[in-house]
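Peer 1: Using the hints, put the two chains back together into the complex; each one sits in its own frame.
Going down the list, the protein sequences come from chains A and B.
Under numbering that gives the first Met the number 0, the letters of the first sequence match residues 0 to 297, in that order.
Under numbering that gives the first Met the number 0, the letters of the second sequence match residues 0 to 283, in that order.
Treat the hints as calculated values from the structure; they're not laboratory data.
Honestly, I wouldn't trust all of these hints.
[Claimed, not checked] For the chain A half of the interface with chain B, some residues (derived, Cβ under 7 Å), not all of them:
#	residue
1	11
2	21
3	78
4	80
5	97
6	122
7	150
8	164
9	172
10	190
11	194
12	255
13	286
14	292
15	294
C-beta atoms are modelled at their ideal positions from N, C-alpha and C, and glycine is treated no differently.
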Amino acid sequence: MNVGENGASASYYGRPVIKPPVWKPEIPWYFWTGGIAGASAVLGQWARLSGNEHLATTASRTGAVFDAVSPLLLISDLGRPERFLNMLRVFKVTSPMSVGSWILLANSGASTTGVVLGAIGRLPRLKRAAEAVSAATGAPLATYTAALVANTAVPVWHEGRRELPFVFAGSAAASAGAAAAMLAPPSSAGPARRLAVSGAAAANVAAAVMERRLGFVGEPYRVGSAGRFARLARTASTMGAALLGTAGARSRPAAVAGAALVLGGELARRWSVFRAGFQSAEDPRYTVVPQRERLTAS
Amino acid sequence: MSAPADERVGFFTDTSVCIGCKACEVACKEWNLVPEDGLEWTGDSYDNTQALGANTWRHVAFIEQEKPLLVEDGADGLRWLMSSDVCKHCTHAACLDVCPTGALFRTEFGTVVVQEDVCNGCGYCVPACPFGVLDRRELPRHSDDPPPTVLGLPVGDGQDGRVWKCTLCYDRLKDGHEPACAKACPTDSIQFGPLDELRERADRRLEKLQADGWNGAQLYGRDPDDGIGGAGAFFLLLDEPEVYGLPPDPVVTTRDLPGLWAWTASAAVALVAGIGAAFLGGRA
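Isolated chain B, as found in the complex (with noise of 0.2 Å):
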């Protein structure tokens, strides 16, 4: 990963004034065209959206629980967490390592996007994600896109068949305009700008908080030692990160891939001898 040649934009979503309007989920829909994919009501609170993937690259969560805002409220109380997720746009990225194709790239605002020219829908960045961020995108193509052939074949079932994920908006950077989602939040909820800078606010953001008594306080995706070096969209939750359905701890898995492909070699290596083994005695 070469470092970017710009400075390092990025994402601090302060869950504590968020208060679920979704504005940013319908503000990334229109600006990036992401298709409709299905309406349906969960009775999952206020989330009907449910998760990030293809079609949803800012997602909503509500948390209805029977835990106080402060702590000086002592056991009683009730609260409504909401949480704008987004692609983390990581430091050490997997989808960006493993992507086969080079589709996936990072550009020179430190932000990895996808180029939907060169992904061929191997799918290997959807599971390599830690936060099931990346998804393909099962709707039929765009009627402009020609019938797709292998050596005069017809191949493939008529979907899109792609992987998408938040470009966070790499159209508008290169304008110099803010990212939809961050443009239409009406709280600030959801602040764009350089990642060093947000970092601070964030530090101090946290400060002021704790100070002030809130219950779970913490910020998630800020630590540049982390296991993905940090996101790029990095977060300030009221609870422990799992009750937002992000990973506690998450891993970029090529950290361990040294590792994997010696072990890997080891058994290439058994795989020969032992072949060879199978000549050895009992021949007539």
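So here's chain A without its partners, still in its complex pose (with noise of 0.2 Å):
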């Protein structure tokens, strides 16, 4: 693992190669809320679709609720929050950012349009087109931002670009799941329940995948805050998955437990590969072993 002298890597004084993020609390947390807003989009036309209205109801006020909040804390992060429509000045397919931007405008648009038409009872052909356009929208909202931070230097990001999509698509599902499941009567909740199981399932697994194929460079996940998030991420979700699935067809309070600590596992997740990300930038062992290794082996 190590090069340079002494069996150290060498580095400049201990310090970071690169910079770490300048993102704030608030881009973890809209991790999480565009997750809920996309995927609760997907869930509510499925729900639609298999004719369960009341579940379809619930999920998509849900989904146009976080698509409201989303931009909010966006804005709020940016160094400059006066210039937030210039996030709307081009469209560029190599920014993450920018195709996400354009993604988020279209998706809590067409989310609020199909919830304010169904609640008015006006227009039902608009209201269709709408909720088509926030379905078809929902799953990119919901996994573009690990195209986001996978699409930087930071080591344990970049690196972990294989499986961090479908990290952040899974915490979506369960965390989608889990609010519809909570807000539901349990009656008509089977499906979001599942949900809420089947995904905290795939983010599990596909951090666990993610974790043991980065091998050193993904010991963030291991260590400091990364680490104890990641820990209650798993353990949280987990539990409450186990209780939405027994339980909580049964007992309404079982399944807002149970739903309450999915979503606050997921939120966990989110903070986890958030601050992953700074771990791995600020030790400058993460960004030149891999590459002298890199070299080396060429």
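Peer 2: This is the structure in structure tokens:
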């Protein structure tokens, strides 16, 4: 693993080679709210297609609320919040943040339109069109954030680029399922409960696969605050999913408690990914050692 | 990325003649009105600037080594390495690729510059740069700057909040002058000129140093086939790049973006299918 003199990897006074991100707590919160908004839009549409109107309304409204919160978090994180509209100056496929800004605009606009028209019972064709756009942009909204962080020089994010979209997709599915299972009566929330269980399992598996493949570079997921958040995510989501999958079908309090655990666990998962990026950037070994090994190998 | 209209220019920083005077740091700050951001004693040799950032566009590194300057001196020796670091103005620039507002652009000189009237401080370029060059300026706003509002509500924390870095003195180039740091450098360690010419000059200099038996002499960022397509500002170093705090094999993150988008699209499809699957079975 180590290169250079005395078995330690060389560095300049132990200082980072790359800069840690400047993003604030709004960003991991947004990963979570954006994931819920996107996956809820898809859940609402599937529920509508399957004739489960109750679940459809719950999921769509949940999605619209989280869609409304998301841009506020993003604007608040900017160094120049008053220039947030500059995000829509250009469309750049090389910038997942640019692509994501347009996705969020489309999804939040469509979700809100669909919910408002549904509530006032007007313009049914426009409502259906809005719901279709909302559903189509939901999954991209829930997953582009993984591409955003992976498309950086931060080793733990960049090298995890294969699994990270699946971690975020699973996490979004689990959170959206849990939110709907919490808000809809147990009789119509069956698919939401199953989604929370399968999403939490998928996120746990994808995160474990990523961590194993990353090896030394994945160390931040095992230590410090990123490690604590990762363990919290695994534990809370697994317990919540178990509760939802068993007693959640019969008891509303059990469903609410299980859903809260899943929601909290998946929030912790976003925080573990976020914090891991900082830990990865702040220690020059994670940048230098793999690059030096690559040069030695070639 | 479009090809530059004019001849591409850059820096060749020959660290073998750097004397650590920091005239480049001072000239850069003076010319570009880069604010003072704290005066600290680090105890790390003569380096109190520490790193490149929003308020440091030239940074002189100092490395005290128990290593011989010449190979023929054997194992014994002491040497003091100095190197003036700067934005690399990459051929494939990650900061430019990821910038969502178009604030970062490539100039007619082939350099990479932030338009400060466009940057909204999203910070994406900061962790995207493989060299840690860019950073957000966390200093109070200029007093001429009106307090920011969104929909009439006050926002922000009163900080500048934008990202800043070396412009390779874009304003001076447009008037036919060389950048301030190169102008101020008393030993010609910092050389400015057309990139092709600088590369030839660097090759000749490396040949001479190697023939003279200098220990560890190597070019850094000169190769157009490296992970960033070659740097517009490249270096002659006397030890491995990581000793100077430089990444040994930097790669522009967007090189892997097509694959990353494919994985992301797969995950999005899996998400839609997975949610649909929750409606199968178990339904009364």
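Peer 1: Give a verdict on every hint.
Peer 2: Evaluation of the provided hints:
With 7 Å as the threshold, the beta carbon of residue 11 of chain A comes within range of chain B, its nearest partner Cβ sitting at about 3 Å, so the hint holds. The interface hint given for residue 21 of chain A holds, since its Cβ lies 4 Å from the closest Cβ of chain B, which is under the 7 Å cut-off. Below 7 Å, beta-carbon pairs count as interface contacts, and residue 78 of chain A has one with chain B at about 2 Å; its hint therefore holds. The beta carbon of residue 80 of chain A comes within 4 Å of a beta carbon in chain B, closer than 7 Å, and the hint placing it at the interface holds.
A least Cβ separation of about 4 Å between residue 97 of chain A and chain B falls short of the 7 Å threshold, and the interface hint therefore holds. The interface hint given for residue 122 of chain A is broken, as the beta carbon of that residue sits about 26 Å from the closest beta carbon of chain B, more than 7 Å. Annotation: residue 150 of chain A was flagged as interfacial toward chain B, and the flag holds, the nearest CB pair being 5 Å apart, inside 7 Å. With its C-beta approaching chain B no nearer than about 3 Å, residue 164 of chain A sits inside the 7 Å limit, and its interface hint holds.
Below 7 Å, beta-carbon pairs count as interface contacts, and residue 172 of chain A has one with chain B at about 6 Å; its hint therefore holds. Taking 7 Å as the C-beta contact cut-off toward chain B, the hint placing residue 190 of chain A at the interface holds, the least distance being around 4 Å. Taking 7 Å as the C-beta cut-off, the interface hint given for residue 194 of chain A holds, the closest approach to chain B being about 4 Å. Violation of the interface hint for residue 255 of chain A is found here, the shortest Cβ-Cβ separation to chain B being roughly 19 Å, above the 7 Å cut-off.
Taken as an interface hint, residue 286 of chain A checks out: its beta carbon lies about 6 Å from the nearest beta carbon of chain B, inside 7 Å. With its C-beta approaching chain B no nearer than about 9 Å, residue 292 of chain A sits outside the 7 Å limit, and its interface hint is violated. About 5 Å separates the beta-carbon of residue 294 of chain A from the nearest beta-carbon of chain B, less than 7 Å, and the hint is met.
When held up to the earlier numbered hints, the structure conflicts with 6, 12 and 14 and fits the remainder.
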